[in-house]
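S.K.: Quick mapping for you: the protein sequence lines, in order, are chains X and L. For the first sequence, the working numbering assigns the number 59 to the initial residue and increments by one for each residue that follows. For the second sequence, the working numbering assigns the number 18 to the initial residue and increments by one for each residue that follows.
Since the hints were derived computationally from the structure, they do not count as laboratory data. Cβ atoms here follow ideal geometry from the backbone N, Cα and C, with glycine treated the same way. Hints should not be assumed to be uniformly reliable.
Some but not every residue of chain L turned toward chain X, in silico, with C-beta under 8 Å [stated by the list, open to error]: (1) Glu66; (2) Ser139; (3) Met182; (4) Val183; (5) Pro186; (6) Gln193; (7) Phe222; (8) Leu241; (9) Gln251.
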Amino acid sequence: MILLVVEYANGKVSKSTYEMITCARELGREGGITALVLGNEVASIAAEVAHAVDQVLVADSSSLAQYDAELWASAVSQIASEGEANTVLIGGSRSGREYSPRVAIRLHAPLLEDVISLRARGTTTIAERYTYLARVTEVIETDGPLVVVTVKPGVFAAAGPNPIAAEQFDVDLTLPPRRLQITGKTLEKSTRISLTEADIVVSGGRGVGSAEGFTRYVEGLADQIGAAVGATRAIVDAGWRPYSEQVGQTGKTVQPKVYIAIGISGAVQHLSGMNKSKIIVAINRDAEAPIFQIADYGIVGDVSLLVPAIIEELRK
Amino acid sequence: MRILTVLRQVLDAEETVRITGNIVALEDSKLIMDTMDEYGVEAALRLRESGADIEVIALAVGPARVQEALRTALAMGVDRAIHVETDLRLDAIALSNVVAQLARQEEVSLVLSGGQQADWDSHALGAAAAERLNWPQVTWTNALELKGNSLSGKHDVDEGSESFMVELPAVVTTQQGLNEPRYPTLPNIMKAKKKELRRESLDRFDTSPSVRFIGAEIQTKNRLRKIVDGKDVQVAASQLVDLLRHEARVIE
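Using the sequences plus the hints, can you model the full thing?
M.R.: Set out below in structure tokens:
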């Protein structure tokens, strides 16, 4: 079977899960697609994902109320060995990326990280992935009865539902104690559409001038067109914006239909998080800024004058 | 106690990536210590400077040239270095085997490694080494403090950040924002030449790549690059909106 670990947030199955289901369907290995739901009070998540897979396994336990890399790795590897999985698919989220290597080591399996395509040829698995800060696409392959894969978010189309819902089974797991103690949490909640799920992203960099400038130009434009907002590392470090909005090497990777970069010069580290966007729009004062090299549309000029004029134009 | 800080030598992010045959060509390009790993070297030095009795060991696995990165670490203040020599391209799962064996052999309590590799864009080394050692891990840290045997700090998670505490031994991954790495001074560069840089062969670690690299190609999406001058604000704004509405058809 292909075992797929369900990602969810705020009581709903995440888009990344449906993308993984597409990846699993295209891979088409024998044994069908089994979704594993880990967490506490996750019945509604299990019921939702049942419409898109062949089987759902649910580990619903108070000890899984909070994510932990060791617990998740232990749970996933137990299920994968008991179910004799041939492929384990894990989301390319921050958490998926940090527990998936542990799963691979536990299962003595190779790990294919952040894949953008996945094919099977017998027990050989072939994948494409981005390297060199997303400037190169590499083809890699590995052999063996079992492979652990993380799937890059925003690449595969979201899978549609099956005609009938899959059966759900509860599973019991032996879990290790938590060794990493979480003593505090800063959650960054946004009322806007999530950055990795949005069709349009408006992002700001130093060129917006200040935190107030970001609100006026970036959020102003985002609100006008129903977009998510993103930010560069520089302005997150400056405290203008929360980390959850950061796009780039150390932040989120996005691949929206339109990415509008306002006052962003385009450092390689930022570009690696957005250069796969379908259409890139740049507004920047410096005509030599690297962002214009990868832009489809752009204006060279003063952000503080141009963006209000664009918002005004959109209202017409 | 001992800290093992793992570093890799990568292409400078400012350099243009070139492909020869079907692999990325590194000859004649500027190679540097991966900046993500540099934060780990700096973090180790700061933990040592905070007063604890700590020896800091830097480790690099790769061809002879990676000794340059180790020399940089030694010049920053690392006590000694280990170079495991190989021309093989080891993926993170294979590399973690070397890291874990050396961590045991050197009896270290803390392994530091960059959160993401700037060449293979992999995030797996820290976690894979932690699992092999059966140690806990903390990824993407942006603050670290050592009290006795407890390491506390802050790290980034999917939707925000967390404060944490963990008893050593542990593996910690580092990133931009954790600290400002120091530049090696000339006297320290001179001193570094006398520090121990031990060479080992990969053979004794019994590890081999678990993934084969078949080919590489540079991503070039043809962009339209319709860039207009914004001197006349109204005209430029209406031009752009018109293009987005009627040519790209991406907004209403």
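S.K.: All hints, please: hold or fail.
M.R.: Okay, the hints, checked on the actual structure:
| no. | hint | result |
| --- | --- | --- |
| 1 | Glu66 | violated (23 Å) |
| 2 | Ser139 | holds (6 Å) |
| 3 | Met182 | holds (5 Å) |
| 4 | Val183 | holds (5 Å) |
| 5 | Pro186 | violated (10 Å) |
| 6 | Gln193 | holds (6 Å) |
| 7 | Phe222 | violated (15 Å) |
| 8 | Leu241 | holds (4 Å) |
| 9 | Gln251 | holds (6 Å) |
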